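Peer 1: Start from chain A and add chain B according to the hints.
Protein chains: 2
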Amino acid sequence: LSVPTDAGAALAALRRACGAAPLLTGVDEVAPYLSDHRHLYRGQALGVALPDTVAQLSEILAWCNARGVGVVPQGGNTSYCGGATPDESGTQLVIGLARMNRIRAIDAANLSMTVEAGCLLASVQQAAAEAGCYFPLELGSAGSCQIGGNLSTNAGGLNVLRFGMARDLTLGIEAVLPDGRVFQRLRALRKDNTGYDLKALLIGAEGTLGIITAATLKLWPAIRTTATAFLAVPDVSAAIAVLAQLRGAAGERLNSFELLPRAAIELACRHIPGTRAPLGLSNEWYVLCELSSFVDEPLDELLQQALTRAISTGQVLDATLAANEGQRLAFWALREGIPTAQRRAGLGVKHDISVPVSALPAFVAEASAWVRRAVPDGTLVAYGHAGDGNLHFNVNWLDGADAQHVATQEPVIRRAIHDLVAAHGGSISAEHGIGQLKVDELRRYTSAVELGTMRAIKRALDPKGIMNPGKIFTPS
Amino acid sequence: LSVPTDAGAALAALRRACGAAPLLTGVDEVAPYLSDHRHLYRGQALGVALPDTVAQLSEILAWCNARGVGVVPQGGNTSYCGGATPDESGTQLVIGLARMNRIRAIDAANLSMTVEAGCLLASVQQAAAEAGCYFPLELGSAGSCQIGGNLSTNAGGLNVLRFGMARDLTLGIEAVLPDGRVFQRLRALRKDNTGYDLKALLIGAEGTLGIITAATLKLWPAIRTTATAFLAVPDVSAAIAVLAQLRGAAGERLNSFELLPRAAIELACRHIPGTRAPLGLSNEWYVLCELSSFVDEPLDELLQQALTRAISTGQVLDATLAANEGQRLAFWALREGIPTAQRRAGLGVKHDISVPVSALPAFVAEASAWVRRAVPDGTLVAYGHAGDGNLHFNVNWLDGADAQHVATQEPVIRRAIHDLVAAHGGSISAEHGIGQLKVDELRRYTSAVELGTMRAIKRALDPKGIMNPGKIFTPS
Chain A
73 LSVPTDAGAA LAALRRACGA APLLTGVDEV APYLSDHRHL YRGQALGVAL PDTVAQLSEI
133 LAWCNARGVG VVPQGGNTSY CGGATPDESG TQLVIGLARM NRIRAIDAAN LSMTVEAGCL
193 LASVQQAAAE AGCYFPLELG SAGSCQIGGN LSTNAGGLNV LRFGMARDLT LGIEAVLPDG
253 RVFQRLRALR KDNTGYDLKA LLIGAEGTLG IITAATLKLW PAIRTTATAF LAVPDVSAAI
313 AVLAQLRGAA GERLNSFELL PRAAIELACR HIPGTRAPLG LSNEWYVLCE LSSFVDEPLD
373 ELLQQALTRA ISTGQVLDAT LAANEGQRLA FWALREGIPT AQRRAGLGVK HDISVPVSAL
433 PAFVAEASAW VRRAVPDGTL VAYGHAGDGN LHFNVNWLDG ADAQHVATQE PVIRRAIHDL
493 VAAHGGSISA EHGIGQLKVD ELRRYTSAVE LGTMRAIKRA LDPKGIMNPG KIFTPS
Chain B
73 LSVPTDAGAA LAALRRACGA APLLTGVDEV APYLSDHRHL YRGQALGVAL PDTVAQLSEI
133 LAWCNARGVG VVPQGGNTSY CGGATPDESG TQLVIGLARM NRIRAIDAAN LSMTVEAGCL
193 LASVQQAAAE AGCYFPLELG SAGSCQIGGN LSTNAGGLNV LRFGMARDLT LGIEAVLPDG
253 RVFQRLRALR KDNTGYDLKA LLIGAEGTLG IITAATLKLW PAIRTTATAF LAVPDVSAAI
313 AVLAQLRGAA GERLNSFELL PRAAIELACR HIPGTRAPLG LSNEWYVLCE LSSFVDEPLD
373 ELLQQALTRA ISTGQVLDAT LAANEGQRLA FWALREGIPT AQRRAGLGVK HDISVPVSAL
433 PAFVAEASAW VRRAVPDGTL VAYGHAGDGN LHFNVNWLDG ADAQHVATQE PVIRRAIHDL
493 VAAHGGSISA EHGIGQLKVD ELRRYTSAVE LGTMRAIKRA LDPKGIMNPG KIFTPS
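Chains as they are written, first to last, in this note's numbering: chain A, 73 to 548; chain B, 73 to 548.
Pulled out of the complex, with its shape left as it was, chain A reads as follows:
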């Protein structure tokens, strides 16, 4: 652990500020907090504080603010953008939220629950289920990510089509502001027009305006029935037409609509043991879709009928319904295995983009053509949440490529893909956020008015710039 020369005194003072909260400083105990899970970044830190209560966190932030010590909040450390990794200066304090992990309240009659930031997403889902309710945020990392991180990054995932992003699922938050004051607004209300929506501002701010310590979340009744299908479709246009038809046939019951190219399924089958392609690999495009309902109703029948109609018009080439929960889980294991399969397959470059659903066919056609032309040794693996316009538009080198080659190609590919995204009115970060990774991209694709407004808010709420420095934007 490399720390500045006057670190001894600083550490002693910090330890006093932490009070009863553990402060990790040993090389081994600090190490897991210093790198992101994609290993894109490796930082240093003054230490890692692990507060247990809002009062402890408040003391720590007040201390850091008074001394201008940078603070890096960290939940489950699952950021794809280095959003929770400290810089290399060794002067920043990492604050882990894991110990603040209480379920404070569940109100089934109001369909709401209040949880602390350090609760695992899976624990939140589980607690909701035990109360006969459903919390719809669903990510591959549910077992390791924390709800505080989910909110700080406005997490998306598999059910956005129906339920929205993390911000849409939140009724209230509690947060410690940079100077240690506690913002508490854990009202469990669906309607509350009393001033600015500070909650919406703090959610998705990636820890640059304060640290979310608890949230009151919306719940839904428990899911009673599910119907899941795997489809082969002729092209992306047909997939989008099928999306509209399923909406027309099932309304809000459609909760997931994932687009999968053959390349993604091949990768998963090759690298994830036990995975198989439900409809073979003779088509270019596949869809995994799911209906669910809070009511007992014949969803399989409804889905079957809609797909039969789509097959008769040629918009679906082939389809198979999950006959039981085992098959359903197998479909989803295939889908959720893709990121791991890509990692195992070798080097690649990732993009987390969205465009209007209506623009997906043209965007995919243009971007794919560019990749074929400009990256002849790469394989396009563009898959994801097409139902809400979000694709993970990745290029992989499956035949091996040295890191230097990929590093040279990456900025060229990123520029081309993101320029096409912008031309289609899309976003260069649909759900992963900005973190450290996309600071330059955000600056390139965001107007001066908008960036200036964000910076004005940052200066107003964090005048000393201690909160997660270097994330979202570099200090002005």
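Keep in mind the hints are simulated off the structure, nothing from the lab. Hints are supplied without guarantee of correctness; some may be wrong.
One copy or any two copies: either way a pair holds, since identical chains are not told apart in the list.
Claimed, not checked - Computed cross-link-like contacts, DMTMM-like style, restricted to lysine to aspartate or glutamate with a CA-CA straight-line distance of at most 25 Å: (1) Lys290 - Glu210; (2) Lys290 - Glu522; (3) Lys290 - Asp240; (4) Lys290 - Asp100.
Quick caveat, the model's predicted, so the values are computed rather than measured.
Peer 2: The following block gives chain B in isolation, referenced to the frame of chain A:
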């Protein structure tokens, strides 16, 4: 029109700044803009500018900002809180948005549309319907309120239970900032995590941070079927139990759940010609509920079955389903006639409160007991959107009362009701906002941390304090 003594020169300069945009200054043409529709406030103004384009509005705001001229944005002038009425100084400029009323784009495949601020809500609904889609914001004033005002106040209304508030219905906005710069982010995206959610901040800011000029809105597929019922229930607890049962039986198809006390129905029947009580007036509490679906399905049957079960357990005493669209509209006319009936019935005091749905029975019991005890000559008419916890908790003097008596009672009643709301974790403004009317109430029921944070943002984005001065909070 009373204007400051150097008004001649100021007006001439303002007229130049307005360019091609009309600037009204005549007493008669300005008069409708100087008072709110409840006639709680009457102000004066330098004039009323009616820009037609974003560029014109930008010029006007830049001019006002340079000179520190206060600006009062006004849409359909339907605020319940004086949010769009200028003060009495005669130094403020009212800016009417009515001429910026284009439907810019509709994308049915993406379920989105982009509209300008001055579009009537009814026009937005209509344009969506003509494209085979549905825009779910629904208010009694749909024919006169404008979407820009709906967004600036984060309007609620009859469908919040299912679709959320105006903020939840918005994908993107365009706004002119106080210094005339244009913030444009009309992306039609369901997922976009690129920095702070400035959209959510400007929505509901009641014109204190800038003027919303256009918005990209979420659409849904057209509604295909509806089922509407009028119920008699023994008490508020039973109503809330029925709400949960309907959710369990109908899931998201439940879009409205309005609680109506006998007093409200009596008032409507007495003062709104052609109105009748569907189930008579022998019970204390009634409910108007509606299911709707984007799919052809037997909703009447579903609702009938659910109500039959609720009748068998005694939670519903009596029920009648609308047999046709005429009966359905009659049920809604009764509901929507209540505010007018109250006005015709004489003086009263209004509250727009919300509490968690689970707290409604206790809150109504306690607040009603207080009114009976403390206001023996008043009649409680507490009705509204119980499905989302929002009641219009009003006290009316039906036997006539002089204005002086009501004015003396009003602050006492407001204090008692709002204190009870706060004790139940509720909001003193569920959907109407703060405007001028509730500035003191907001200060009383909001923490110093929260108010201080709002003020810091106000100062950062509107350093000269020109935007809708005196609304939400008094200048610091």
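Peer 1: Which holds for Lys290 with Glu522 at a C-alpha limit of 25 Å: within a copy, between copies, both or neither?
Peer 2: between (30 Å within a copy, 22 Å between copies)
Peer 1: How would you label the pair Lys290, Asp100 (within, between, both, or neither) given a Cα cut-off of 25 Å?
Peer 2: Neither way: Lys290 and Asp100 sit 39 Å apart in one copy and 49 Å across, limit 25 Å.
Peer 1: For Lys290 vs Glu210, is the C-alpha pair at or below 25 Å within one copy, between two copies, both, or neither?
Peer 2: So Lys290 and Glu210 pass the 25 Å test inside a copy (14 Å) and across (22 Å) alike.
Peer 1: When Cα atoms must be at most 25 Å apart, do Lys290 and Asp240 count as within-copy, between-copy, both, or neither?
Peer 2: Both, since 9 Å and 13 Å are each at most 25 Å.
The structure does not agree with numbered hint 4 stated previously, though it agrees with all others.
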